[in-house]
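Using the sequences and the hints, build the whole thing.
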Amino acid sequence: MSTASVSLRPHISLLGSTALLFEAPGELDLAPQQRIWSLALQAGQWADIHEAVPGMNNLMLTFTKPPRDLNGLCERLLEAWEQSQPLPLEGRIVELPVVYGGEFGPHMADVVAHTGLDIDTIANLHCEPLYPVYALGSHPGYCYLGGMDPRLATPRRQVPVISIAAGSVSIGGVQTGVSASAGPSGWNTIGRTEMSFFDPTQNPPAMLRPGDMLRLRIERIIR
Amino acid sequence: MIEILSATALATVQDFGRFGSLGYGVGTSGAMDHLALALGNLLLGNPEDAAAIEIPLFPFEVRFVQDCAFAVTGAACEASLDGQPLPPFWVAQAREGQVLSLGYPTSGSRAYLCLAGGIDVPQVLGSRSTQLRGEFGGLQGRALQQGDRLAALRPGKSALPTDFGVVSPSQALPLQRDGLPAMRVLPAAEYECFLEDSRAAFWAGEWKVTTQSNRYGYRLEGTPILPKAAMEIRSHGIVPGVIQVPHGGQPIIQMRDAQPSGGYPKFGTVIEADLWRLGQAPIGSKVRFIECSYSEAVAALEDNQRYLEEVRRLVELHGLASR
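So the sequences go chain by chain: A and B.
Numbering (our numbering) for the first sequence: 3 to 225.
Numbering (our numbering) for the second sequence: -3 to 319.
A couple of the hints might just be wrong.
Some chain B residues near chain A, calculated using beta-carbon distances under 7 Å [what the hints assert, rightly or not]:
(1) L121
(2) L182
(3) T265
Derived by calculation from the structure, the hints in this document are not laboratory data.
Here the structure is a predicted model, which means the values were calculated and not measured.
Glycine included, each C-beta is placed from N, C-alpha and C at the ideal position.
Quick look at the structure:
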């Protein structure tokens, strides 16, 4: 697969006048993610910042109103990043049984074709790590997981599919995750699990948070 | 209280949106045309961000189950109350039993029905907007159906003036290029990673709003935008307005029901101040894009705010005159 070249310096870009995006340098990894968590805690307190939202080794800051001194904000952010220490969040461990392949993994064939691995190897490699939740996003309760075996990396789909099922276990590039509800996705779905990830009447409404761990277990492989 | 008479799907309760829950994966939702919603609310003396019904499909009919002042804004859709035509961007008093009908729009694509005080549905995570994917907010987290009843927070005979209107946003804040509606775009992180020809073609070209366009996103059709090399990007937070370009080269503009994160390469962002223009672009129509800077994007927001302030003053003058 093609991967973007690994940058050595953090990168800041604008998302219109609503938000900015800070991207950490280096390979996708837990240590920089722990610094992102730390940066999010700080930046979320700054004036004009509405929310500090961690992504995968990156951080989005949304504005309550567009900052007058954008350069000043960027400099402050870079400085805070340089001084940031990894924030080791150690949450709960949650185990999820997964059915791989068949109707539950409609894009398994694409992952097989791209990686050159067979279904059993893919399922076993995918279940191997204890996955830390890096960030929530995409849709209510969805967790982005870090630490997938790089041999499973498969590019996002040419065109996103209109809907994948709740509980879909899927791969997007070097990332993996579990869908909390049915909806559109550009990722490759290889299996399915069952869990309730979100309840808007609870506080917090999401069942998992960054630092929690997911243990996937093979329930069945449909070959 | 009103009752929905139409079988029309896809009408939803929306306010400005749900802010503060992005970190739980909850997108903002909210009105596709913030200006139309704010105007309807100003006409009624409501807070600008009170909840209203967003209507994307016509004809649409409701019956007033009790007296209530209302305003219809957004798409020009030949509104009538018991057969009496109402001008666009107008506030009126309805009596119990009267039927409000909205016809096919002659311009624009989404109408807003605002009620005095705003629509009375519970706030969930700080907003009354419908979260379709999460199935919460609005009325039971879903689109409205025939027979649904919705209450206003301030029903009855309005103490404020009615039967007047305001100039529409498309007249007050026109923006066109070569006869087509235009939106300003601020380049985003991967802008430079697209071929120079593709970048030039994006600004020069006409873009068709395809049938696969909705509250989640607008899928556009035009000359494909191609990257210098294939990109796989780490997932990150995104906001409504972000223009993603999947590998196929046809851009998708994130709209109000968009996911709060994504990972397709970003060409640019339709600025917040112009997102209402896209929300009113009908399926099948064509639009153009204009490159802009951060300071221009901020100034455009201020222009919108000034217009709303003028309308607020006008509404106050009507109030004084009617005393």
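Does T265 of chain B meet its interface restraint, that is, does its C-beta lie within less than 7 Å of any C-beta in chain A?
With a minimum Cβ separation of about 3 Å from chain A (threshold 7 Å), the hint on T265 of chain B holds.
Have a go at the L182 of chain B hint: is there a Cβ in chain A nearer than 7 Å to its own Cβ?
5 Å, holds
Supplied contact hint for L121 of chain B, tested at 7 Å Cβ to chain A
6 Å, holds
Checked against the numbered hints above, the structure breaks none of them.
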